[in-house]
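So you can see what is in the structure, the chains are spelled out below.
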Amino acid sequence: MSDVVKLHYDVDGDNFMAAGEASSTVKNVLKRLGFGEDLVRRAAICLYEGEINMVIHANGGTIDVSVSPQTIEMVLQDQGGGIPDIEQAMQEGFSTASDRVRDLGFGAGMGLPNMRRYADSLEISSEPGQGTRVTMTLNIAPA
Amino acid sequence: MTVAELAARLNAKVLCGTETALERAVRGVYAGDLLSWVMGRAGAGAAWVTIMSNMNVAAVALLTEVACVVLSEGVAPDEALLARAVREDLALLSTPLPTYDVCWRTREGLTDAAVL
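So the sequences go chain by chain: F and G. First residue of the first sequence: 1, per the working numbering; consecutive thereafter. First residue of the second sequence: 1, per the working numbering; consecutive thereafter.
FYI, nobody ran anything at the bench for these hints, they're computed from the structure. Just to be clear, a hint being listed does not mean it is correct.
[Unchecked claim] The following label-pair restraints were derived from C-beta to C-beta distances:
{"#": "1", "chain 1": "G", "residue 1": "GLU108", "chain 2": "F", "residue 2": "ILE86", "range": "40 to 48 Å"}
{"#": "2", "chain 1": "F", "residue 1": "ASP99", "chain 2": "G", "residue 2": "GLY74", "range": "22 to 30 Å"}
{"#": "3", "chain 1": "G", "residue 1": "GLU5", "chain 2": "F", "residue 2": "ASP3", "range": "41 to 49 Å"}
{"#": "4", "chain 1": "F", "residue 1": "ARG32", "chain 2": "G", "residue 2": "PRO96", "range": "34 to 42 Å"}
{"#": "5", "chain 1": "G", "residue 1": "GLU79", "chain 2": "F", "residue 2": "ILE140", "range": "38 to 46 Å"}
{"#": "6", "chain 1": "F", "residue 1": "GLU127", "chain 2": "G", "residue 2": "GLU79", "range": "40 to 48 Å"}
{"#": "7", "chain 1": "F", "residue 1": "ASP99", "chain 2": "G", "residue 2": "ALA44", "range": "26 to 34 Å"}
{"#": "8", "chain 1": "G", "residue 1": "VAL86", "chain 2": "F", "residue 2": "ARG32", "range": "19 to 27 Å"}
[Claimed, not checked] Stretches of chain G that chain F covers, calculated by requiring three or more beta carbons in the stretch to come under 8 Å of a beta carbon on chain F:
{"#": "9", "region": "32–38"}
{"#": "10", "region": "58–64"}
The beta carbon of each residue, even a glycine, is placed where N, CA and C say it ideally should be.
Bound conformation, chain F alone (with noise of 0.2 Å):
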């Protein structure tokens, strides 16, 4: 494997239908280069989670999938409007999803907590109007 593999997927808003192409993607990537069931099982749920995050409340956006010999880095970076209270939005079954969504079976409010509990990290750095970044790392454990 070369040093570090570098993944770019432009998510499309509104989707709904065409999401998670990019975790299946990342997850058939991360499958080839070897990794094991449950790291490539956790990455794929927590890129899901925040690529219909996008497609649901930020008009689609942007992910970069980084794969160093220690981590896998995936940064979701969207302009959508911004989360006004992370903490809030952070509690199992807060979502601000239309009820359109929520027929679809998504806005649940639980794709920030997954991402919490399979992600080894988990930054979100957002303002109201000015987008979001959300960054997850999972460390490679040494084979």
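Please build the complex by placing chain G on the supplied structure of chain F, with the hints as guidance.
Just chain G now, with coordinates in the frame of chain F:
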């Protein structure tokens, strides 16, 4: 228990799934319709029982690596879900049984050692 054996046990219709998909081992059962909840909790290898029928079900099933999706209560999949399941070779079953009965019958088919 394989997915094919589960389908027989539930008397469920196999909507799609090649022989490979139907030979996957079922190691547990998980019921839920809120996708992020399922995303965080369903175990790899579980039979996921749901009444959600849109294409995002396929995405969640593939990312969580459940053994199959069982649409309960007579729910039919959207065309987009069926197409994606065919494309990804995800076994999709459908049954008129209520969710509770699907879980009960699935659990009865699992040996204790196999349960997640």
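Status of the hints after comparison with the structure:
no., hint, result
1, GLU108/G - ILE86/F: 40 to 48 Å, "holds, 45 Å"
2, ASP99/F - GLY74/G: 22 to 30 Å, "holds, 24 Å"
3, GLU5/G - ASP3/F: 41 to 49 Å, "holds, 46 Å"
4, ARG32/F - PRO96/G: 34 to 42 Å, "holds, 40 Å"
5, GLU79/G - ILE140/F: 38 to 46 Å, "holds, 40 Å"
6, GLU127/F - GLU79/G: 40 to 48 Å, "holds, 41 Å"
7, ASP99/F - ALA44/G: 26 to 34 Å, "holds, 32 Å"
8, VAL86/G - ARG32/F: 19 to 27 Å, "holds, 23 Å"
9, 32–38, "holds (count 5)"
10, 58–64, "holds (count 5)"
When each numbered hint is compared with the structure, no violation occurs for any of them.
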